[in-house]
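Start from the sequences, fold in the hints, and give me the full structure.
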Amino acid sequence: LKRIQAEVDWDEEIGAITREISSQYGPALLFERIKDHHETRCRRLFTNGTGTKGRVCRILGLPEQFSYREIVVALKERFSHPLAPLKVKQGPVKENILRGEEIDLYQFPVPKWNPLDGGRYIMTSASVVTMDPETHILNVGTYRGMISTKRTISVLLATTQGWGKHFTKYKSLGQEMPVAVVLGWEPSLFMVASTPLVYPEYEMAGSLRGSPVELVKCETSDLWVPATAEIVIEGLVSPDPKSFEIEGPFSEYPGYYAGRRMPKHTIRVECVTHRNDPIFTGCLTGSSPGRTNEATTWTPATFSAVTWQYLEQAGVPNVLGVWRGKWPEVVRIQIRKTHRGHAQQVANTLWGSSIANYSAKHLIVVDEDIDIFDGEAIEWALCYRVNAAMGDISFFPGTSGSMLDPSV
1 LKRIQAEVDW
11 DEEIGAITRE
21 ISSQYGPALL
31 FERIKDHHET
41 RCRRLFTNGT
51 GTKGRVCRIL
61 GLPEQFSYRE
71 IVVALKERFS
81 HPLAPLKVKQ
91 GPVKENILRG
101 EEIDLYQFPV
111 PKWNPLDGGR
121 YIMTSASVVT
131 MDPETHILNV
141 GTYRGMISTK
151 RTISVLLATT
161 QGWGKHFTKY
171 KSLGQEMPVA
181 VVLGWEPSLF
191 MVASTPLVYP
201 EYEMAGSLRG
211 SPVELVKCET
221 SDLWVPATAE
231 IVIEGLVSPD
241 PKSFEIEGPF
251 SEYPGYYAGR
261 RMPKHTIRVE
271 CVTHRNDPIF
281 TGCLTGSSPG
291 RTNEATTWTP
301 ATFSAVTWQY
311 LEQAGVPNVL
321 GVWRGKWPEV
331 VRIQIRKTHR
341 GHAQQVANTL
351 WGSSIANYSA
361 KHLIVVDEDI
371 DIFDGEAIEW
381 ALCYRVNAAM
391 GDISFFPGTS
401 GSMLDPSV
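For what it's worth, this note's numbering labels the leading residue of the sequence shown as 1, then goes sequentially.
Since the hints were made in silico from the structure, they are not lab data. Check each hint, because a few of them may be wrong.
Now the in silico label distances, taken between C-beta atoms and shown as ranges [claimed, not checked]:
(1) R58 - R33: 23 to 29 Å
(2) C383 - D277: 55 to 61 Å
(3) T159 - P397: 39 to 45 Å
(4) E95 - E13: 29 to 35 Å
(5) M390 - D9: 56 to 62 Å
Positions of the beta carbon are idealized from the N, C-alpha and C atoms, including for glycine.
So this is what it looks like as structure tokens:
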């Protein structure tokens, strides 16, 4: 951890420093003196906590020398053993409870991360909690959100994502959707909230950390949030277009600004709870050759583990390994081929799952003698085992793909 005590500007400077340090796989950063936030309710900002493979291993309780091959296997094992959360009556996140005119999102040191961002993005590494109105199962996802006014957050709400599916049900019922935004907790929740899991996220976070997540009930809804979180924002999302506010663009994970500036769904904040002297947590997104962000150290491993899990649960036999590199659109899968169409079975399974919303646009399926973690071996196999003119490449047009992928 590097504590930064020189004054920094929330307007692009924090983002620029973080990008430089992140791209060097440098330390976690705690900004302790931020312009305009010396006397506000929240004064400090933490970022880049998961910025190296070594720190990711420490988060997971694994030896720091573990290879990504070993990390994927460990994650796959934990993702197969959910650990139910514990509900408690009280926690530090309830030390301060704000309602009505007490709420002012500008009291938090939210950066403008990138030069062309539409504004100050408060939801970058946030864990967003919603509930299915029919099954009452909680979903926790990572979605982007920009401060619009001191009591509203404009968001990008995709119907293909967890909260988007919930929102569609609330809309059909003619109701607003309750939302809780968790800002600052153990990285295990950020990791599972950003991964298309098979089991509920709180159960998976418990499995990753090796102990149940302790939850407290929200003040304004039946949602549950970590009792020891730094900050929780409670609100409602209306289906009424009259409630929409301007959002975008934002520097998204492909390394492009995405989501044009236009009116979008909005969280109307009803309550904010936080610890005494809370620490705001956020992160950069977006990577391209030579520049990166903290999520690229672990999303390849979590996505690979879940992809492997999907294949096994669908009955695809003899999968020996899965690896998704720095960018999610290319996934390598190693199989012991046993039947005609085995590779196509892999592809059809993944393109029919939620993985396909943000990953696996390109699949490379190899035999057991090719090491999927070895770029030279993959290139050799592509050169001498593939003939595009003879049908060795299959196309599956019309899939949804990622709304943030500019080629889509």
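How the hints compare with the structure:
1. R58 - R33: 23 to 29 Å: For R33 against R58, whose Cβ atoms are near 27 Å apart, the range 23 to 29 Å holds.
2. C383 - D277: 55 to 61 Å: Since the Cβ atoms of C383 and D277 sit about 58 Å apart, the hinted range of 55 to 61 Å holds.
3. T159 - P397: 39 to 45 Å: Violated: the Cβ-Cβ distance is about 21 Å, outside 39 to 45 Å.
4. E95 - E13: 29 to 35 Å: 30 Å, holds
5. M390 - D9: 56 to 62 Å: About 58 Å separates the Cβ atoms of M390 and D9, which means 56 to 62 Å holds.
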